[in-house]
Amino acid sequence: MKHPDQATLALHAGGDLGAIARWRTERHLAHCGLCRRELAAYRSDREGLAELHSFPNVAWGRLASEMRANIRLGLIAGECVAPPPRRSPLAWSPARLAAFAAGLALAAATVWMEWSGPGFVPASGAVVETTAGGVRLTRGSQAMGLLNRAGEKVTYTAGAQGSVEARYVDTNCVTVNQVDVD
Amino acid sequence: MSINIWRKLAAKTAFSVVFGFAGAILLCAQDGPLPAGSINVNFPDDAPVALMKSADQSHASARGAALAIDLHLALTLRNIGSASIRGLALRVVSQEAALGGKGSVTLTSLNIAAGDAFPVRIDMQLMRPSQAAAGPLVEVALDGVLFQNLAFYGPNRLGSERTLTAAEMEAGRDRQYFKSVLARGGPEALRREVLNSLARQAARPQLDVRVSRGHAVTSAALGPERTENFAFLRFPDSPVEAVAGRAQVAFNEAREPRIQVRNLSKEPVRYVEVRWLVRDSNGQEYMAAKLPVSAPEGIAPGQTAGGTEETALQFRRNNQPVAIGGAVGFVSQVEFSNGKVWVPARVDLDRDTLRDVLPPSAEEERLTNLYRRNGLDALLLELKKY
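So the protein sequences, as listed, match chains A and B. Note that this note's numbering gives residue 47 to position 47 of the first sequence, counting from 1, and the numbers run on in steps of one. Note that this note's numbering gives residue 54 to position 54 of the second sequence, counting from 1, and the numbers run on in steps of one.
Simulated from the structure, these hints should not be mistaken for lab results. Glycine is no exception: its CB is placed at the ideal position from the N, C-alpha and C atoms. Among the clues, some could well be false.
As the list claims (entries may be wrong) - Some chain A residues well away from chain B (every beta-carbon gap over 12 Å; in silico): (1) K2; (2) A19; (3) I20; (4) E26; (5) R27; (6) A30; (7) H31; (8) G33; (9) L34; (10) R36; (11) R37; (12) V174; (13) Q178.
What the hints assert, rightly or not - Derived CB-CB ranges, DEER-like: (14) A:G125 with B:D46: 35 to 43 Å; (15) B:A117 with A:G15: 50 to 58 Å; (16) B:S61 with A:A7: 16 to 24 Å; (17) A:T171 with B:E139: 38 to 46 Å; (18) A:L34 with B:Q284: 55 to 63 Å; (19) A:A7 with B:P321: 33 to 41 Å; (20) B:G223 with A:R24: 56 to 64 Å; (21) B:G159 with A:A7: 48 to 56 Å; (22) A:A21 with B:D46: 29 to 37 Å; (23) A:G18 with B:P155: 50 to 58 Å; (24) A:G18 with B:K384: 57 to 65 Å.
Only chain A is shown next, with the shape it has when bound in the complex (with noise of 0.2 Å):
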């Protein structure tokens, strides 16, 4: 059988499923005892949060886009490294999940801390490089950036002046993009 992962359950908890997979996974949890005690418990737990956001003197809101931002990208980065997906729902145990919402909500406090002050532009210079797509450049948490076409051989070059370009063939004629420091 194969049971919805945690974060259907987590979403239907919370009414957030579209249509068919609401019904999918209402099929579901008809004949599987596991997920409705997961349900059960994802709507226990989200009873709890009103009195969570009653916590005086915290910006629950901005906590949580630095949790979303996080959340994303490991996403992301998990897409790139993850293994075959594991069938067994044994492995998102309770307490392997409290472990994992701990260590992620220290991440993120830890995020919050550091950026609530008024230091929050990390970095100081401007950088431009090459990367696996183009040219950027990033000054502190902002960024620019110059993508090559998909699927063509890219020559680098740089300018000590303080700028990188990136040259492909492009159907019948040659492309340059650069990106300047400043």
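Let chain A serve as the given structure and place chain B on it in line with the hints.
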């Protein structure tokens, strides 16, 4: 605080993360197209090219407190002048991202007859705070157009006149070279020449590079710093010679490159470009960077001029740092004050020391790519057009 409270807090924190996980998935639903007016494409009224069509597939998505913007712009331009266009440069500026980040998209090796349309693609990624001032995210402007007779149109704020003219001169030089091979040895000789070029292109080692501005001090992690003096290659017909050059080198970082050149010609020179090759600890050479010497007021005949760039360059290959073991330079481009441009002769670049290290010219890359995709007949047909 009692254990129960800690337990409760841990559990609640965990569940807030679980719902954050769900929220992360829901964020995908917030992705959307950019609002109207986010991209401003601006060509002067008297420009020799007109914007015919603009297809925009850009979209933005939230990344925590930042906004990630994927910008995919497909422009169709038409040559509304009377001469063939050989090159075009667009200035791409983002006022919002990277505090005025500036870039350019340049097309060379064009052959666009009067009245013909041609496509230009601009693919960008921007990351900026989600709370930002209103106004266009990206402004695209025409910086220059080069015609077949080397006449130039445009504000030239990026030095496009020189860049496009040099590319066109290299293109003419290399087309002529391939034509001479064809004339001497026939199609099979041309095929051999193209295959040799493709083999060199495939084997040429390339570095990834990171350039930063205003690096006053090298990181201690890089190890001791030393002054690396350049050795120079000299071409017989070069109007300018490089007389001195050095950089502060520590492991894979070179900073504050300094170059000095002398004008050997009888004309004032306003720009010199020196190609900089680095050698790693195994003796393998790589094309590292271009070093400019800019003198808007002109370098008089016989005079020397130079400059120091307040930049640091770090080199890597296959994600591994490349330790710099030596530096070689040669003059690769000269712009005279009258606007004429000199580029090295093919025979000088075909030396063993350079041929396997330097990238081919844009035109050589285009022509060999044409052969690779469409075969010898297509290449012969293309060479006949010039």
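Going down the list of hints, with the structure as the test:
1. K2: 19 Å, holds
2. A19: 15 Å, holds
3. I20: 15 Å, holds
4. E26: 17 Å, holds
5. R27: Non-interface label stands for R27 of chain A: nearest chain B Cβ at 21 Å, farther than 12 Å.
6. A30: 22 Å, holds
7. H31: Non-interface label on H31 of chain A holds, nearest chain B Cβ at 24 Å vs cutoff 12 Å.
8. G33: Since the minimum Cβ distance to chain B is about 21 Å, G33 of chain A lies beyond 12 Å and the statement holds.
9. L34: At about 17 Å from chain B, L34 of chain A clears the 12 Å cut-off, so the statement holds.
10. R36: 17 Å, holds
11. R37: Holds: least Cβ distance 15 Å, greater than 12 Å.
12. V174: 4 Å, violated
13. Q178: Non-interface label on Q178 of chain A violated, nearest chain B Cβ at 5 Å vs cutoff 12 Å.
14. A:G125 with B:D46: 35 to 43 Å: 40 Å, holds
15. B:A117 with A:G15: 50 to 58 Å: 52 Å, holds
16. B:S61 with A:A7: 16 to 24 Å: Cβ of S61 of chain B to Cβ of A7 of chain A: about 18 Å, so the range 16 to 24 Å holds.
17. A:T171 with B:E139: 38 to 46 Å: 26 Å, violated
18. A:L34 with B:Q284: 55 to 63 Å: Since L34 of chain A and Q284 of chain B have Cβ atoms about 59 Å apart, the given range 55 to 63 Å holds.
19. A:A7 with B:P321: 33 to 41 Å: Check passed, 39 Å falls within 33 to 41 Å.
20. B:G223 with A:R24: 56 to 64 Å: 59 Å, holds
21. B:G159 with A:A7: 48 to 56 Å: The hinted range 48 to 56 Å holds for G159 of chain B and A7 of chain A, with Cβ atoms some 52 Å apart.
22. A:A21 with B:D46: 29 to 37 Å: At roughly 57 Å between Cβ atoms, D46 of chain B and A21 of chain A fall outside 29 to 37 Å, so the hint is violated.
23. A:G18 with B:P155: 50 to 58 Å: Distance hint for G18 of chain A, P155 of chain B holds at roughly 51 Å.
24. A:G18 with B:K384: 57 to 65 Å: Roughly 59 Å apart at Cβ, these two residues keep to the hinted range, so it holds.
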